[in-house]
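Novice: Sequence:
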Amino acid sequence: MRRLTSLRWAFLAVVALVSSVSGQTLLNEGFATYPPTGWTEAKGLIGNPTTLTGTSSSWTADGFGNVGTTGSARLNIWSTSTNDWMFTPQIDLGSGGSNTLEFDLAYTPYSTTVPATMGPDDKFIVVISTDGGTTWNLTNALRSWDSTTPISNTGDHIVISLAAYTGVIKLGFYGESTVSNVDNNVYVDNVWVGNPAAPPGCTTPISPVDGATGVLAPNGTLQWGGVGGATGYYLYFGTDGGGVTPPTNIVNGTDVGNVTSYAYSGVAFSTTHYWQIIPYNGYGAASGCDIWDFTTISDPNWGSGGGYYFANSLATDAPSHPMYNWVDISAAGTYVDVTSANVGADGEDGVLADDDWVGPYDFGFTFPFMGQNYTQFCICSNGKIYLGAIPAGTGESIYSGAMGTGATIRPAVYWMGQDLNPQDPDVTDRAVIYGGGGGGMVVTFWHCPDYNTAVEATDHFTAQVIFFPNGNVKFQYNEDELGSTFNYTSESHVVGIIDTTGTNYLEYRRLTGATVNTAGPLFGSNLAVMFGTDQTQIPVELASFTGVGGQGYAILRWETATEHENLGYYLLRKTAGGEVFTRVNEELVPGAGTTLAPHVYEYGDEDLTAGTYSYKLVDVSFDGATAEHGPITVAVGEGLPVAYAIQAKSGDPVEFRLSLPAQTQVSLTVYDMAGHEVWTLGRDRMEAGVYTVAWPGLTAGGNRASSSTYVYRVRCGEAFVQTGKVVLLR
1 MRRLTSLRWA FLAVVALVSS VSGQTLLNEG FATYPPTGWT EAKGLIGNPT TLTGTSSSWT
61 ADGFGNVGTT GSARLNIWST STNDWMFTPQ IDLGSGGSNT LEFDLAYTPY STTVPATMGP
121 DDKFIVVIST DGGTTWNLTN ALRSWDSTTP ISNTGDHIVI SLAAYTGVIK LGFYGESTVS
181 NVDNNVYVDN VWVGNPAAPP GCTTPISPVD GATGVLAPNG TLQWGGVGGA TGYYLYFGTD
241 GGGVTPPTNI VNGTDVGNVT SYAYSGVAFS TTHYWQIIPY NGYGAASGCD IWDFTTISDP
301 NWGSGGGYYF ANSLATDAPS HPMYNWVDIS AAGTYVDVTS ANVGADGEDG VLADDDWVGP
361 YDFGFTFPFM GQNYTQFCIC SNGKIYLGAI PAGTGESIYS GAMGTGATIR PAVYWMGQDL
421 NPQDPDVTDR AVIYGGGGGG MVVTFWHCPD YNTAVEATDH FTAQVIFFPN GNVKFQYNED
481 ELGSTFNYTS ESHVVGIIDT TGTNYLEYRR LTGATVNTAG PLFGSNLAVM FGTDQTQIPV
541 ELASFTGVGG QGYAILRWET ATEHENLGYY LLRKTAGGEV FTRVNEELVP GAGTTLAPHV
601 YEYGDEDLTA GTYSYKLVDV SFDGATAEHG PITVAVGEGL PVAYAIQAKS GDPVEFRLSL
661 PAQTQVSLTV YDMAGHEVWT LGRDRMEAGV YTVAWPGLTA GGNRASSSTY VYRVRCGEAF
721 VQTGKVVLLR
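According to the working numbering, the residues represented by the sequence shown are 1 to 730, in order.
The set of hints was computed from the structure by calculation and includes no laboratory data.
Since the structure is predicted, the reported quantities are computational estimates derived from the model, not experimental observations.
Each hint should be verified, as a subset may be incorrect.
Calculated cross-link-like contacts (lysine to aspartate or glutamate; reagent style EDC-like; alpha-carbon spacing at most 20 Å) [said to hold, decoys possible]:
1. 574 / 628
2. 170 / 255
3. 616 / 559
4. 574 / 607
Could you put together the complete structure from these sequences and hints?
Specialist: Structure follows, in structure tokens:
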């Protein structure tokens, strides 16, 4: 209920008429209960005149805009027989004057809070009866809405002048639908009639409520109740003021107009914010209005807990973040049996059934996790992977509560802890696969079925867990393979990691029923989440494809997160205004095969005339399949280089091509893979231009370096630093 707290006039029943007095309120209804005292209902198609029947209708109580369940009046406009009326008590306007009708109006689909559009047959109309409710005519409509006049899903504040009317009136709110098509709700709240010949009173917060915690960030909406007689609102909003003086460092007293909501963006996580609304009209602004506060949620895209950090692929403000990059092990991996009958106890028959586990399986490396080292893992049917060999007699059970000592399987990673059933025969294309590659271990849950007794072939989702030798764990959620009937927004689940004692853990996401306890997202698009002990190295990959132009050449650089059966790459080029991409390199740039480790590649496209070029990168798999990336645009100049660029060419000797757009101090150092310095080129100053520098494969002491992979680091003053790898080929 959103009552106008500054207006303290008692509501009078129909038998006690209120006369119009300058600056007074004649009607003020916030729908704390429904129907309010003196309000009536009926049915009947609007006409000239309207024939009313009965004393009831489909108007009822609901939350404004479908938020909550009480506090406003709501009508479901749907089907073939909606012709429902809600009437105010009689109101005596006296001799007239500057009276107005004001109310809040919202429109949403039946069961959600998103925007909606009326069907072509649907109407919402506000009508005035000039004989105190004896007759109702369409010609007396004050305002009407249909499919051409949208209504906000979060609420519009409607102001209608009643200056042309005198004497005893009634107001009717009418909704109509004559064809069964769209199914929507209309909401009415804060109905006010009066003469605003004085400043308005203060309002109350709707969302967030005063003192609220867990409020959305960085984007969200402030909503407040409409005030009768107000023609606009001033907003103060920020993190300053401490709740004692108006906040100003986000919004400083801005006139937001005659609206009852404000969309904010870019606010900080885990921070207390203050806000104040001051209604005003032509007679002045309200005084003594309260300052409210709320605290925003922790950043759902990155954070920490239990000695670990996490970031997901949406966490652009994190020190580092992973990229979603699905690793396909369907051809090379080992399939867990999810179809045979379960004949033994947990883990004894190799069959993954409902409330079951299988394993242990070997990582193929030592996996450090929560202060312990593990060489094996077990796969559990209810959305978790146990680290080590599960002790004999341990049963697998459903757990979706808070992480901590309550988690029944630990140490473990909970990639979707809830009631799942890998044996559900309704989902025919389902699999659990595990396999190593490139020094990691991948466990894929393909079309993993939710547990239910209904026949639902699409009640499934797809995810995978990747374990890295450095102790990082990556969860990937494949929305491209999300079943249409799987509902992760209403079924309890938990996602996170936990140690063997239950005292160290990181809870990334938890849902209890429909309540979001911990807000890390899983779907919305293909998404990756990485857990690790170093927040600057949470991802093992940072994939990119970039290019820089120089004096008659372009250097293309790309970095992979993972590769699967990758034979190599070729590049395509198109000039500005051209229509066709042509191949640049005759021989493929060799790929890394199958690996979970990052790789950096460079290619120099030379002998170019000045101009703008577009490039695409094409990767080629062992079986000849290709995939394109890009395009990107590179500007190539005629004179001096337009940007710093380094191109390294493996061989004997190793060559470095340096592009310097300005005079700068240059240093170039080569290290072995253990980090020991092998060779250094240092120059005080180099003029702008293009230079080729050769490393002859000698150490600083003049000895021949062995054939191997080396790391180079080039620094150009304070303006540019680049690190990469080269191979010395003897």
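Novice: Check each numbered hint from earlier against the structure, then list the numbers of those it violates in ascending order.
Specialist: Hint 2 alone not satisfied by this model.
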